[in-house]
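S.K.: Using the sequences and the hints given, assemble the complete structure.
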Amino acid sequence: MITASSSPRFSRLAKCVGFTALLTMTSAVQAAEQRIISTDAGSTDILLALDKGADLVGVDVTSVIPPQLKAAKLGYHRMLATEGVLSLNPNMVVGSEHMGPAETVAAIKKANIALLQLPAARDAKSLKENIVKISAFVHSEQQAKPLLQRIDQSMAKVAEHQLPPNSKVAFLLQMDGKGLRLAGQGTTGDDFIHLLGGESLGAHRGYQSVSAEALLSLQPDVIIVASRDMSRSPVAMLLEATPLLKHTPAGTQQRIVAVDGRQLVSGISLEAMDALVDVSAALNAAKPAS
Amino acid sequence: MINRLPLTTLLPLCLALMIAAVTLSITSGAMALPASQSLLAIWDSLWRTEYSNLAQYQQLVVLDLRLPRTLLALSVGAILAQCGAVMQGLFRNPLADPGIIGASSGAALGAACAIILLPVAMQGVSTPVAAFLGALLTTMLVFKLAQGESGTSVVMLLLAGVAVAAFGGAMMGFLNYIADDQSLRDITLWSMGSVAHVGDGMLLLCFVTMVLTALYFQRHAQALNAMLLGEYEARHLGVNVERMKIKLIVVTTIGIGITVAAAGIIGFIGLVIPHLVRMLTGPDHRTLLPLSAILGALLLLFADVGARLIMMPAELPVGLITAVIGAPLFTVLLIQQRKNFT
Chain H
1 MITASSSPRF SRLAKCVGFT ALLTMTSAVQ AAEQRIISTD AGSTDILLAL
51 DKGADLVGVD VTSVIPPQLK AAKLGYHRML ATEGVLSLNP NMVVGSEHMG
101 PAETVAAIKK ANIALLQLPA ARDAKSLKEN IVKISAFVHS EQQAKPLLQR
151 IDQSMAKVAE HQLPPNSKVA FLLQMDGKGL RLAGQGTTGD DFIHLLGGES
201 LGAHRGYQSV SAEALLSLQP DVIIVASRDM SRSPVAMLLE ATPLLKHTPA
251 GTQQRIVAVD GRQLVSGISL EAMDALVDVS AALNAAKPAS
Chain S
1 MINRLPLTTL LPLCLALMIA AVTLSITSGA MALPASQSLL AIWDSLWRTE
51 YSNLAQYQQL VVLDLRLPRT LLALSVGAIL AQCGAVMQGL FRNPLADPGI
101 IGASSGAALG AACAIILLPV AMQGVSTPVA AFLGALLTTM LVFKLAQGES
151 GTSVVMLLLA GVAVAAFGGA MMGFLNYIAD DQSLRDITLW SMGSVAHVGD
201 GMLLLCFVTM VLTALYFQRH AQALNAMLLG EYEARHLGVN VERMKIKLIV
251 VTTIGIGITV AAAGIIGFIG LVIPHLVRML TGPDHRTLLP LSAILGALLL
301 LFADVGARLI MMPAELPVGL ITAVIGAPLF TVLLIQQRKN FT
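Just so you know, the protein sequences line up as chains H and S, in that order.
Mapping the first sequence onto the UniProt record's numbering, position 95 (from 1) lands on 95, and the numbers just tick up by one.
Mapping the second sequence onto the UniProt record's numbering, position 315 (from 1) lands on 315, and the numbers just tick up by one.
Heads up, none of these hints are tricks.
Output of the computed footprint for chain S on chain H, the stretches with three or more beta carbons under 8 Å from beta carbons of chain S: (1) 68-75; (2) 82-92; (3) 95-102.
Estimated spans, in silico, between C-beta atoms of each pair: (4) LYS73(H) <-> ASN176(S): 19 to 27 Å; (5) LEU118(S) <-> ARG122(H): 20 to 28 Å; (6) PRO67(H) <-> GLY201(S): 38 to 46 Å; (7) ALA55(S) <-> ALA106(H): 13 to 21 Å; (8) LEU118(S) <-> ASP176(H): 27 to 35 Å; (9) PRO12(S) <-> ARG205(H): 55 to 63 Å; (10) ALA106(H) <-> MET156(S): 44 to 52 Å.
Because the hints were derived from the structure by calculation, they are not lab data.
Where a beta carbon is used, it is the ideal one built from N, C-alpha and C, also for glycine.
M.R.: Have a look at this one:
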């Protein structure tokens, strides 16, 4: 039986930390079982690529996992339920730097559960850094090596077909017939343009609605259209809905390409790298800018 | 028509329900803990005994997670329902709730400003403070707009509330438009309310507010009863109507501002509970106010248990549950009372 502390909460917490530390150390010696919670789509992607899917006991609402995996859904990563996280009895939590609320993060730390918080990957370098950190965290350094090589190979392919200097690129989200959203600073679309070597036309932050007239005035050399529905050609759908875009430099030179929006949901991920190679190749195959 | 229940029946019933709700709230959650041991853990912490055999981290789940949210749900539910009852009495309008004088929309606007415009690191403090200030400022504005030479017009108060709420809605729309995806999601979730995350200071503030507002409102119960006859009649009965309106609106706004700061926007309690109590015991504010407090606390407690259990281990925003419970309940009551309104 454990004595309830006579001192206030902080004393109880201190005891709890010691107790759970002991528990964690004992369990680490007894078994190397990993019970991982991932609260970020990017981290989940990396863990799956590192073959850690079977060890995932919980994921946040943005993470996409194969249907055969039985990880519990923990809700929005900035509003995690403390008891929900603890109830899964994890010994590792991986998440973004935005994971929250602060009380939940503090409880995870107090319970001595190993915690790794990473920034979202914005380019190949930060993606590789995240892979290295996560693989070290879950002791899968060997599985990380082919992933790092894959990124290098992708970047080498993209480097072969870099866009001409000062190419103006518009990255558009197709909103299922409800207009277009132009990617601005801080978005994955913006990062995607920079990786291709282009200049983003979105000077604002985030995604903003944009009219065909405004797009025409921006005179994009390249248009990348991201769609969640790849069953029909997103480029054909875009030009059908907004025929005015045929008169932009991108339209006249047929440098409008599509990308599967689902590959870019978790920022610059391994999937986004594959999409980048495809877009780069498609732009290279299109009629070059004069 | 529901038969009105005597207090001798209602009070023991409420007490039993309250004990059941608190027990349920302390013993339910994502982590499966024996109910008796969870309750013993609280007993232990109160009386410094050692009956509970829960591990210390399990005791922490009960004492640091479930107990504070139970107390917060009690306090917030009680404040909201009482404020609703006072507003309805003051305006002699069954549809009046704190939202009608702009408090909720002002709070939402304040919180949205903090979420979008201030750094994420500050939001733990800035969001509740901005929400409180938003509620206070909009209510003061509405009140100022309604004041004329002949006193405060209730109709003007309601209309100004509608106008300010509409303006607040438009500003919220603008903020949503310029927000990035994460902020947008934060605002949406915040506006659905939660009693899950609260610091000791805020919990204490809510509890003290609940006690003080309950005492304050109870002192004005007779005056509110007089208001039921009409402002003119209340004046003849010796009530200083103008002063009472100002005082009660200020206290109500402070109460609402504090609940919004602690738990976000939780709708329906302020609207539904006073109606329910009026149907059960009649319109006498001496019983209406304390019973509203008890039933408001009960509704939020049960809703919070539901919020925890429905999508375990994730949690739903509690405002969704209060709306899901409150709206049909309200509709059933309306149908039963239809002939009173026609």
